[in-house]
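Asker: Sequence:
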Amino acid sequence: MNRTEQLKKQHESINQLILETNKLVKEINLELNASEIAKNISTLAGILQIHLSQEDQYLYPSLMKSENPEVMKKAKMYMDEMGNLKSVYIEFKNEFNTKSKIMTNSIGFEKAFKVVFSAIEKRISREDSDLYLML
Numbered sequence: 224m225n226r227t228e229q230l231k232k233q234h235e236s237i238n239q240l241i242l243e244t245n246k247l248v249k250e251i252n253l254e255l256n257a258s259e260i261a262k263n264i265s266t267l268a269g270i271l272q273i274h275l276s277q278e279d280q281y282l283y284p285s286l287m288k289s290e291n292p293e294v295m296k297k298a299k300m301y302m303d304e305m306g307n308l309k310s311v312y313i314e315f316k317n318e319f320n321t322k323s324k325i326m327t328n329s330i331g332f333e334k335a336f337k338v339v340f341s342a343i344e345k346r347i348s349r350e351d352s353d354l355y356l357m358l
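Here the sequence shown is numbered in our numbering, starting from 224 and rising by one per residue.
Treat the hints with caution; some may be incorrect.
Taking lysine-lysine pairs in the DSS-like style, the calculated list, with each CA pair at most 30 Å apart, reads [stated by the list, open to error]: (1) K262 to K324; (2) K316 to K334; (3) K262 to K297; (4) K297 to K337.
Restraint-style ranges between C-beta atoms, simulated for each label pair [stated by the list, open to error]: (5) R349 to S329: 25 to 33 Å; (6) Y281 to E235: 15 to 23 Å; (7) S329 to K232: 30 to 38 Å; (8) N245 to N317: 16 to 24 Å; (9) E290 to M326: 47 to 55 Å; (10) E293 to E259: 42 to 50 Å; (11) E290 to T327: 48 to 56 Å; (12) P292 to L242: 34 to 42 Å; (13) E314 to E293: 29 to 37 Å; (14) Q277 to L242: 17 to 25 Å; (15) T321 to N225: 35 to 43 Å.
What the hints contain is simulated information worked out from the structure, not anything from laboratory work. We treat Cβ as the ideally placed atom computed from N, Cα and C, and that holds for glycine.
Kindly produce the complete structure, drawing on both the sequences and the hints.
Answerer: Okay, structure coming up:
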């Protein structure tokens, strides 16, 4: 499996975890699912860490060496954008990585969850339909 295929496979894992977590969040009683949601938040943090590390080590350096200025420009844009999303997710994870943290601020959790997980889904979709096609 080449590196691009690995990154796409990681995207599939991330999307699946987001779908599972989204389903748990939408169920009637958040408290029943809060432990599983917290576990998924931490698991996703680990997967994202590995994924971003691989992008930083392999994907972006190869794109930044492109002779095509448009490819270099897009790679730079994605790199800059991801730095912000990464820090937002880390902050979210630190705020809601346990059942008690979720239940203490369930309204804040639900709002933050929608924003952060939606941003990750959009980012993955854009990478798959734009950035990865340049490889």
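Asker: Now tell me, hint by hint, if it's right for this structure.
Answerer: Here is how each hint holds up against the structure:
no., hint, verdict
1, K262 to K324, "holds (12 Å)"
2, K316 to K334, "holds (14 Å)"
3, K262 to K297, "violated (34 Å)"
4, K297 to K337, "holds (26 Å)"
5, R349 to S329: 25 to 33 Å, "holds (30 Å)"
6, Y281 to E235: 15 to 23 Å, "holds (18 Å)"
7, S329 to K232: 30 to 38 Å, "holds (33 Å)"
8, N245 to N317: 16 to 24 Å, "holds (20 Å)"
9, E290 to M326: 47 to 55 Å, "holds (54 Å)"
10, E293 to E259: 42 to 50 Å, "holds (43 Å)"
11, E290 to T327: 48 to 56 Å, "holds (53 Å)"
12, P292 to L242: 34 to 42 Å, "holds (37 Å)"
13, E314 to E293: 29 to 37 Å, "holds (32 Å)"
14, Q277 to L242: 17 to 25 Å, "holds (22 Å)"
15, T321 to N225: 35 to 43 Å, "holds (38 Å)"
Hint compliance for this structure: hint 3 is the single one not met.
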